[in-house]
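Trainee: Sequence:
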Amino acid sequence: MNKSILTVLLGSLLMLPACSFTEEALWPSLTGEDPAGEEPQTAAQPADADVMPVLASAQAPQLGTGDFQPQAITPGVPTGTYVGRKVVEMRGELGRLHGSIAQHNEQLQQVRAETIQHAQRFHGTLAAIYARLQVGTTPGNPILVQQYNSALEDLDRMGANIAQMNGLSQSVTADATMAGYLTESVVSSFRLSGAVDEDHEQLAVLEDESKRTSVLVERLLVELSDDMRRSTEYVRNARADLNTLGVGIKAGEMFGQSLGRQAVGPGLSAAAQPMDIGGRRPLVVIRFDRENVPYQKALYDAVQQTLKARPGATFDLVAISPAAGGTARVALNTGKSKRNAEGVLRSLVDMGLPPDRVVVSSRTSVDARNNEVHLYLR
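Just so we're aligned, residue 1 is where the sequence shown starts under my numbering, counting upward by one.
If you are wondering where the hints come from, they were derived from the structure by calculation, not from laboratory data. One should not assume that every hint holds.
Said to hold, decoys possible - Restraint ranges, calculated between C-beta atoms of paired labels, are given here: (1) GLY92 / SER171: 42 to 52 Å; (2) ASP289 / VAL145: 28 to 38 Å; (3) GLU89 / ASP356: 51 to 61 Å; (4) PRO75 / GLU184: 16 to 26 Å; (5) ILE143 / ALA331: 37 to 47 Å; (6) ARG96 / GLN170: 14 to 24 Å; (7) ALA163 / ALA331: 44 to 54 Å.
Even for Gly, the Cβ is constructed at its ideal location relative to N, Cα and C.
Construct the complete structure from the given sequences, taking the supplied hints into account.
Mentor: As structure tokens, then:
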């Protein structure tokens with residue numbers, strides 16, 4: 001087992017000896033400063049064979065299939081009455097409304113096709129990245145970085161499609177308002193005086209057609225709303241997975257889906273305090289005994305396994321520094337250990353774990369020989 005990192009399985013019966021801590025203090029989160037180029041070490045882990053098929057073969061968002069073409073309007077015959085002239089006027093308004101609905105329906109079909117096209121290209125790119133990671137590659141492979149950027153552009157295009165859907169929804173809402181107003185106008189026209197029987201016959205036909213148009217617009221609006229919701233959820237999840245994939249590309253290792261997709265349940269309150277670690281065994285112990293030591297894969301695997309068993313789990317991230325060496329040395333190690341923990345926290349967030357699931361603290365230990373970061377199940 002790699003000496004630089006110890007991954008402790010949740011089901012293990014072995015208990016690690018507790019450290020003697022002399023300091024416990026909650027400290028601020030990210031400072032934006034890199035952890036001095038030092039990243040804890042992990043043992044190489046085999047790629048999960050189920051990861052690539054699950055993510056790379058995922059389908060495009062399941063958008064609606066409705067085609068909302070208005071039916072033809074029944075032609076009328078002028079009667080020369082005031083009501084007859086109102087019928088002609090309202091029939092013209094219904095025709096213009098049908099034209100607007102047909103245009104908006106065409107826009108919907110186009111934006112749907114573009115969304116599916118972008119999603120298919122996105123998943124094709126992801127499949128190529130996962131395949132390369134699965135067989136092994138170098139950290140920060142520029143080819144994978146380029147593919148990552150291409151996938152990100154496709155997600156941005158899908159975001160633009162959602163914005164188009166939102167604008168289209170506002171236009172269709174105006175159509176629905178117009179359809180409702182027109183139906184009310186037709187119904188109220190039955191009460192006008194001076195009408196002949198033929199006027200009422202044409203009003204009855206116009207009433208049916210305006211009501212049918214209202215139903216059509218409402219169906220269009222509902223399906224458009226569903227498309228927006230599904231597309232938004234799809235892009236949100238895809239961005240989370242892509243962020244996690246970016247961590248994998250940086251490390252040259254195979255990761256799974258975003259931890260945020262697996263973390264379901266309430267987070268921590270803003271006033272949450274670090275718990276007394278006591279004799280609890282850590283999920284992960286990261287020892288910073290060398291420079292540029294990769295830790296992301298072991299960290300991801302440990303948190304992923306925990307979330308599979310407890311989707312609502314929360315964590316304590318503890319920066320530990322040696323207590324020996326004098327006051328100046330202790331202060332130096334403490335600051336460095338905190339920066340190390342900040343880097344670990346950033347990695348967890350990049351992997352998709354909500355930041356409110358982690359409480360960060362720092363301690364000194366008389367048993368520690370190097371700066372360490374421990375992750376505990378809360």
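Trainee: Check the structure against each numbered hint from earlier and tell me which ones fail, lowest number first.
Mentor: 1
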